[in-house]
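J.: Following the hints, put chain F in place on chain H, whose structure we already have.
So the protein lines, in turn, are chains H and F.
Number 367 marks the last residue of the first sequence (the working numbering); no jumps.
Number 367 marks the last residue of the second sequence (the working numbering); no jumps.
Among the hints, a few may not be true.
Note that the list lumps identical chains together, so a pair holds whenever it fits in one copy or between two copies.
[Stated by the list, open to error] In silico SDA-like links for lysine to any residue, alpha-carbon gap of 25 angstroms or less:
1. K111 with S124
2. K123 with E70
3. K148 with L105
4. K248 with D332
5. K123 with A104
6. K273 with R168
7. K290 with K304
8. K304 with N284
9. K218 with E101
10. K273 with Y238
11. K273 with Y312
12. K304 with L288
13. K248 with R311
14. K248 with R285
15. K358 with E95
16. K290 with T164
17. K166 with A204
18. K348 with P309
19. K358 with R81
20. K218 with R108
21. K273 with A360
22. K218 with D100
23. K305 with V295
24. K148 with T356
25. K248 with N284
26. K46 with K111
27. K304 with R201
28. K218 with M149
Just so you know, these hints were derived from the structure itself, not from any lab.
Protein chains: 2
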Amino acid sequence: MTKNITVAIDAMGGDHGVKVTVAAAIKCLARDPDLHVILVGVEDVVRTQLRTLRGIEDARLRIHHASEVVGMDESPALAMRNKKDSSMRVAINLVKSGEADACVSAGNTGALMATARFVLKMLPGIERPAIASELPTIKGRTFVLDLGANVDCTPEHLLQFGIMGAMLVSALERRDAPSVGLLNIGEEEIKGNEIVKQAAELLRHSGLNFYGNIEGDDIYKGTTDVVVCDGFVGNVALKTSEGLAKMISTMLREEFNRNILTKLAGLVALPVLKAFKKRVDPRRYNGATLLGLRGVVVKSHGGADRYAFEHAIRQAAREVKNNVQQRITEKMAVLHKDVA
Amino acid sequence: MTKNITVAIDAMGGDHGVKVTVAAAIKCLARDPDLHVILVGVEDVVRTQLRTLRGIEDARLRIHHASEVVGMDESPALAMRNKKDSSMRVAINLVKSGEADACVSAGNTGALMATARFVLKMLPGIERPAIASELPTIKGRTFVLDLGANVDCTPEHLLQFGIMGAMLVSALERRDAPSVGLLNIGEEEIKGNEIVKQAAELLRHSGLNFYGNIEGDDIYKGTTDVVVCDGFVGNVALKTSEGLAKMISTMLREEFNRNILTKLAGLVALPVLKAFKKRVDPRRYNGATLLGLRGVVVKSHGGADRYAFEHAIRQAAREVKNNVQQRITEKMAVLHKDVA
Numbered sequence: 028m029t030k031n032i033t034v035a036i037d038a039m040g041g042d043h044g045v046k047v048t049v050a051a052a053i054k055c056l057a058r059d060p061d062l063h064v065i066l067v068g069v070e071d072v073v074r075t076q077l078r079t080l081r082g083i084e085d086a087r088l089r090i091h092h093a094s095e096v097v098g099m100d101e102s103p104a105l106a107m108r109n110k111k112d113s114s115m116r117v118a119i120n121l122v123k124s125g126e127a128d129a130c131v132s133a134g135n136t137g138a139l140m141a142t143a144r145f146v147l148k149m150l151p152g153i154e155r156p157a158i159a160s161e162l163p164t165i166k167g168r169t170f171v172l173d174l175g176a177n178v179d180c181t182p183e184h185l186l187q188f189g190i191m192g193a194m195l196v197s198a199l200e201r202r203d204a205p206s207v208g209l210l211n212i213g214e215e216e217i218k219g220n221e222i223v224k225q226a227a228e229l230l231r232h233s234g235l236n237f238y239g240n241i242e243g244d245d246i247y248k249g250t251t252d253v254v255v256c257d258g259f260v261g262n263v264a265l266k267t268s269e270g271l272a273k274m275i276s277t278m279l280r281e282e283f284n285r286n287i288l289t290k291l292a293g294l295v296a297l298p299v300l301k302a303f304k305k306r307v308d309p310r311r312y313n314g315a316t317l318l319g320l321r322g323v324v325v326k327s328h329g330g331a332d333r334y335a336f337e338h339a340i341r342q343a344a345r346e347v348k349n350n351v352q353q354r355i356t357e358k359m360a361v362l363h364k365d366v367a
Numbered sequence: 028m029t030k031n032i033t034v035a036i037d038a039m040g041g042d043h044g045v046k047v048t049v050a051a052a053i054k055c056l057a058r059d060p061d062l063h064v065i066l067v068g069v070e071d072v073v074r075t076q077l078r079t080l081r082g083i084e085d086a087r088l089r090i091h092h093a094s095e096v097v098g099m100d101e102s103p104a105l106a107m108r109n110k111k112d113s114s115m116r117v118a119i120n121l122v123k124s125g126e127a128d129a130c131v132s133a134g135n136t137g138a139l140m141a142t143a144r145f146v147l148k149m150l151p152g153i154e155r156p157a158i159a160s161e162l163p164t165i166k167g168r169t170f171v172l173d174l175g176a177n178v179d180c181t182p183e184h185l186l187q188f189g190i191m192g193a194m195l196v197s198a199l200e201r202r203d204a205p206s207v208g209l210l211n212i213g214e215e216e217i218k219g220n221e222i223v224k225q226a227a228e229l230l231r232h233s234g235l236n237f238y239g240n241i242e243g244d245d246i247y248k249g250t251t252d253v254v255v256c257d258g259f260v261g262n263v264a265l266k267t268s269e270g271l272a273k274m275i276s277t278m279l280r281e282e283f284n285r286n287i288l289t290k291l292a293g294l295v296a297l298p299v300l301k302a303f304k305k306r307v308d309p310r311r312y313n314g315a316t317l318l319g320l321r322g323v324v325v326k327s328h329g330g331a332d333r334y335a336f337e338h339a340i341r342q343a344a345r346e347v348k349n350n351v352q353q354r355i356t357e358k359m360a361v362l363h364k365d366v367a
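Extracted from the complex, chain H is given alone in its bound form:
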């Protein structure tokens, strides 16, 4: 018997709100018979959109009213203090109460992080939540964390990120000992700043499959299954990648649009270019998970379209199905016993 999974969706979040979130929910429900969805948001708005898209309220899809919306540029602290009935907060509350197994939001990252941490609390032994996301590599994929939750990290935080990342991959891919790399500016042990050096020491004695230091290019080489870094470095690496990918696709388009001959060449090459684009389509990697909380919380890109938001919902369902939370908790318990 497979277990039903209920995902609470912050229907109002993101740049496109209900247009994207409701459409993605309907698509996901059609594809995954084990999935249940609670659309959290201003009831009238959500219901109107649902009807427009011919979605049906039933046992697997229900609307949960929340009267407020957190703005994309709102201060996380103010949003948390003043908007207790926001779609984001209520979706998280549903996870806390057990009515939902996970929640997904394309809203304000800072507010989501602060609210989730406040409402759900941390898993035992984990001091800080980390944002983890899948990235494509030449070999397949890798998980990178932290991508921006923590700008100043201690070596212990980096160790905890390593543990959470390894347990995430081990749960999702059902593999025993995924490899963990520490992002640095050289492979030698003497390289890097003091925090990274100490983190390497901790990771080396953690019982994880620690590969050692890796460099920026190792992310896309797929050298390790997990890449650990502080949130400042991870965020810069991620955003720099987004910028470079955009520049490359802009330049490719420009070259193929240069004149009638290049346009014809572009037509001939179109199926190949499409196949290529599909492989690196960032929408397929949408859905960053906030690891370390007592509950599954997935953050979608604010600008996500329906297709991208579907991936975020599926990411949340996958984490529940594969007991990511439990794996992290168990591994932390083992580590603490070893220390004690």
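T.: What follows is chain F alone, placed relative to chain H:
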């Protein structure tokens, strides 16, 4: 009357040694009548290679003997202490003595940095050298620094990087007030770690054309002429970009090689793909400059081929021609007067 420029080349450095360095020197001499070159290295080895390539020793091309070679993986400290007659060290000595206006090396980065700093000393008011390099953007190009010389930076170091970067661009492009962006993980002033926040304050009152915080994707958008960051973050951004670019080109090749139809499409699209490749060819951006020293020192990528190494030589000549050193010195003097 144009001034002659003499560049000392560490002929033994890099993965390919004289094969690349001597060939590139001959090419550059043919293209630039103002250029003089001193090839520094084991005399016999350099001369043999020069003859193989039908190069001629004359007033514009001479060989300067140096008996030792710094290994690519050698400890910078040991190389500096024990190899006083290395091609790298002697090339730097020639800058110190005034026989050369600049030096170029594809050798060990750490050793080059340590030796250059020891021999040449810093410009007044600059505490640390920084590695700066040009990167392509959608709009043109931008200069990023530091790319790996300094793993721990104070706000004052970041300010100095901003000044050096701005003076570099202003000298090379003869522009008055190039814009300077501070790499951060959000555009808002409240974002980032303490060091970056304080650096923003210093930059805001520096008299530079400070744009404010930028994010990783702004590098390739070309949002600012100069991008300032610490060496850890800069190195990760650079290497991550290299990895992503490689992954994208590998995947493109794979898609065009999938079957006979895609191969035909590839043939049709080849001229366009070549034009595209030329625009983002990293060899055109080879030649990172070590800013802040009393002398022009340019570091070529270790794996550079002849074409790439030519760009490093030209970068060195361009800096001399445009008085980059003097601009930085003058700007620092103005700032110090303002403070005093």
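J.: All hints, please: hold or fail.
T.: Going down the list of hints, with the structure as the test:
1. For the homomeric pair K111 and S124, the shortest alpha-carbon distance inside one copy (15 angstroms) is at most 25 angstroms, but the shortest distance between copies (71 angstroms) is not.
2. Proximity of K123 and E70 under a CA criterion of 25 angstroms is satisfied intra-copy only: 21 angstroms inside one chain copy versus 75 angstroms between copies.
3. When the C-alpha separation of K148 and L105 is checked against a cutoff of 25 angstroms, the pair qualifies only within one copy, where the shortest distance is 19 angstroms, while the shortest distance between copies is 51 angstroms.
4. Taking CA atoms no more than 25 angstroms apart as the test, K248 paired with D332 passes between copies only; the shortest distance there is 22 angstroms, against 28 angstroms inside one copy.
5. For the identical chains of this complex, K123 and A104 are intra-copy neighbours only, at 20 angstroms inside a copy versus 56 angstroms across copies, given an alpha-carbon limit of 25 angstroms.
6. Taking identical chains as interchangeable, the C-alpha atoms of K273 and R168 lie at most 25 angstroms apart whether they share a chain (20 angstroms) or sit on different chains (15 angstroms).
7. Taking CA atoms no more than 25 angstroms apart as the test, K290 paired with K304 passes in both settings, with 18 angstroms inside one copy and 17 angstroms between copies.
8. For the homomeric pair K304 and N284, the shortest alpha-carbon distances inside one copy (17 angstroms) and between copies (15 angstroms) are both at most 25 angstroms.
9. Within a single copy, K218 and E101 get their C-alpha atoms only as close as 39 angstroms, which misses the 25 angstroms cut-off; across copies the closest is 14 angstroms, which meets it.
10. In this homomeric assembly, K273 and Y238 come within 25 angstroms of each other (Cα to Cα) only across copies, at 22 angstroms, whereas the closest approach inside a single copy is 31 angstroms.
11. Taking the shortest Cα distances, K273 and Y312 sit within 25 angstroms of each other both inside one copy (15 angstroms) and across copies (19 angstroms).
12. When the C-alpha separation of K304 and L288 is checked against a cutoff of 25 angstroms, the pair qualifies both within a copy, at 22 angstroms, and between copies, at 18 angstroms.
13. Taking the closest pair of Cα atoms, K248 and R311 come within 25 angstroms of each other both inside a single copy (18 angstroms) and across two copies (23 angstroms).
14. Taking CA atoms no more than 25 angstroms apart as the test, K248 paired with R285 passes between copies only; the shortest distance there is 21 angstroms, against 32 angstroms inside one copy.
15. For the homomeric pair K358 and E95, neither the shortest alpha-carbon distance inside one copy (38 angstroms) nor that between copies (53 angstroms) is at most 25 angstroms.
16. Proximity of K290 and T164 under a CA criterion of 25 angstroms is satisfied inter-copy only: 23 angstroms between copies versus 30 angstroms inside one chain copy.
17. When the C-alpha separation of K166 and A204 is checked against a cutoff of 25 angstroms, the pair qualifies only within one copy, where the shortest distance is 17 angstroms, while the shortest distance between copies is 45 angstroms.
18. With identical chains, the CA atoms of K348 and P309 are at most 25 angstroms apart within one copy only, with a shortest distance of 24 angstroms there and 44 angstroms across copies.
19. In the homo-oligomer, the alpha carbons of K358 and R81 never lie at most 25 angstroms apart, since the shortest distance is 45 angstroms inside one protomer and 66 angstroms across protomers.
20. With identical chains, the CA atoms of K218 and R108 are at most 25 angstroms apart between copies only, with a shortest distance of 20 angstroms across copies and 43 angstroms within one.
21. In this homomeric assembly, K273 and A360 never come within 25 angstroms of each other (Cα to Cα): the closest approach is 43 angstroms inside a single copy and 41 angstroms across copies.
22. For a Cα distance limit of 25 angstroms, the shortest separation of K218 from D100 across copies, 13 angstroms, qualifies, whereas the shortest one inside one copy, 38 angstroms, does not.
23. For the identical chains of this complex, K305 and V295 are neighbours both inside a copy (17 angstroms) and across copies (21 angstroms), given an alpha-carbon limit of 25 angstroms.
24. Proximity of K148 to T356 under the C-alpha cut-off of 25 angstroms is restricted to the intra-copy arrangement: shortest distance 13 angstroms within a copy versus 53 angstroms between copies.
25. Taking identical chains as interchangeable, the C-alpha atoms of K248 and N284 lie at most 25 angstroms apart only when they sit on different chains, with a minimum of 20 angstroms there against 31 angstroms within one chain.
26. For the identical chains of this complex, K46 and K111 are intra-copy neighbours only, at 24 angstroms inside a copy versus 69 angstroms across copies, given an alpha-carbon limit of 25 angstroms.
27. Proximity of K304 and R201 under a CA criterion of 25 angstroms is satisfied in neither setting, with 28 angstroms inside one chain copy and 40 angstroms between copies.
28. Proximity of K218 to M149 under the C-alpha cut-off of 25 angstroms is restricted to the inter-copy arrangement: shortest distance 23 angstroms between copies versus 32 angstroms within a copy.
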